[in-house]
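**Student:** Here the protein sequences line up with chains A and B, keeping their order. Position one of the first sequence corresponds to residue 13 (this note's numbering), numbered consecutively onward. Position one of the second sequence corresponds to residue 13 (this note's numbering), numbered consecutively onward.
No lab work stands behind these hints: they were computed from the structure. You may find that some hints are simply not true.
If several chains are the same, the list does not tell them apart, and a pair holds so long as it fits within one copy or across any two.
As the list claims (entries may be wrong) - Mimicking SDA-like on lysine to any residue, the simulated pairs with C-alpha atoms at most 20 Å apart in a straight line are:
1. K141 / H85
2. K27 / R73
3. K27 / S70
4. K27 / R123
5. K27 / W51
6. K27 / E114
7. K141 / V108
8. K141 / S83
9. K27 / W129
10. K27 / R71
Number of protein chains: 2
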Amino acid sequence: MRDPSEPFPPAGVLKWDENGLIPAIVQDATTGEVLMLAWMDEPALRATIETGQTHFYSRSRRSHWHKGGTSGHVQHVESIRVDCDGDVILIAARQVGGACHEGYRSCFFRRLEGDTWQVAARPVFDATKVYGPAAPPGESDPVVGMREQ
Amino acid sequence: MRDPSEPFPPAGVLKWDENGLIPAIVQDATTGEVLMLAWMDEPALRATIETGQTHFYSRSRRSHWHKGGTSGHVQHVESIRVDCDGDVILIAARQVGGACHEGYRSCFFRRLEGDTWQVAARPVFDATKVYGPAAPPGESDPVVGMREQ
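In isolation and in its complexed conformation, chain A is listed as follows:
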């Protein structure tokens, strides 16, 4: 692992927002399905690169989380891209299980039909068994410390 005090060249071209965060889209490396969007700060991006699994920063909990750290539904990183403006990251990953804390493969399981959002996918796991009956809404992999943090 790289010493956190060492320079981190990949961060140089990134434009972090006023809270030091950048949105990261995660896409299924095989199917192209967009699985989720979450936010990273620099330590989360470092952890993602160094461990090969996605790590994020939860704005609601104000803490880091390792995706799948307790559910087992980790995301193995295949590639990391940045957009032209340097303010969005795109990660292609192999998703274990489902990305969504509500039990779906993708968080984008509702589609606009007329004026209403309709569920357009079937769950791939039982969210109440994985997260318990009172899973918090969103960004819901329970807090686990990032390694080396």
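On the provided structure of chain A, position chain B as indicated by the hints.
**Tutor:** Chain B in isolation, oriented as in the chain A frame:
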């Protein structure tokens, strides 16, 4: 077109940020390639739904823009999805030309290789011919008013 003063039910489940915006990912409806991420306010989402082409709100210019309004590189909307938290939109679209103002099909044309971001795609059009030699960085379709605004 719907009267802007009428209720807009799709907005009800959406969580707009403190600036009244929501990030919208645009994905190629055919290939699954992630093309770009931009921001929408409610009028931009209404215009997107009502015209069938993507409209956004530029945070840097503080104005609306119709993607492809001058370049011709419009995005024909195939579907609109929302994530579990209601704070991200995913649009599947048929992209005319390229999504990126730098001439690439996707804005995510740079991939992390070791510690550096390497260009990993070839341009699909000449950006200087479409936008001129001094194209502004990012969100760069020149400002055009949204219809009905």
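**Student:** For K27 vs W51, is the C-alpha pair at or below 20 Å within one copy, between two copies, both, or neither?
**Tutor:** both (13 Å within a copy, 16 Å between copies)
**Student:** My question is about K141 and S83: at a cut-off of 20 Å on alpha-carbon distance, are they close within one copy, between copies, both, or neither?
**Tutor:** within (10 Å within a copy, 50 Å between copies)
**Student:** Classify it for me, K141 with V108: is the Cα-Cα distance of at most 20 Å met within a copy, between copies, both or neither?
**Tutor:** within (16 Å within a copy, 44 Å between copies)
**Student:** As a check of your reading, is K27 near R123 (CA-CA no more than 20 Å) within one copy, between copies, both or neither?
**Tutor:** Only across copies: K27 and R123 sit 16 Å apart there, 31 Å inside one copy, limit 20 Å.
**Student:** What label fits K27 with R73 when the C-alpha limit is 20 Å: within, between, both, or neither?
**Tutor:** Only across copies: K27 and R73 sit 17 Å apart there, 23 Å inside one copy, limit 20 Å.
**Student:** Checking K27 and W129: alpha-carbon separation at most 20 Å within a copy, between copies, both or neither?
**Tutor:** For K27 and W129, only the inter-copy Cα distance (14 Å) is at most 20 Å; the intra-copy one is 33 Å.
**Student:** Is it within a copy, between copies, both, or neither that the alpha carbon of K141 lies no farther than 20 Å from that of H85?
**Tutor:** This pair counts as within: shortest intra-copy Cα distance 13 Å, inter-copy 46 Å.
**Student:** Is it within, between, both, or neither for K27 and E114, if the alpha carbons may be no more than 20 Å apart?
**Tutor:** between (31 Å within a copy, 18 Å between copies)
**Student:** Should K27 paired with R71 be assigned to within, between, both, or neither, using CA atoms and 20 Å as the limit?
**Tutor:** both (18 Å within a copy, 14 Å between copies)
**Student:** Are the CA atoms of K27 and S70 at most 20 Å apart within a copy, between copies, both, or neither?
**Tutor:** both (18 Å within a copy, 16 Å between copies)
The structure fails none of the hints (numbered hints given earlier).
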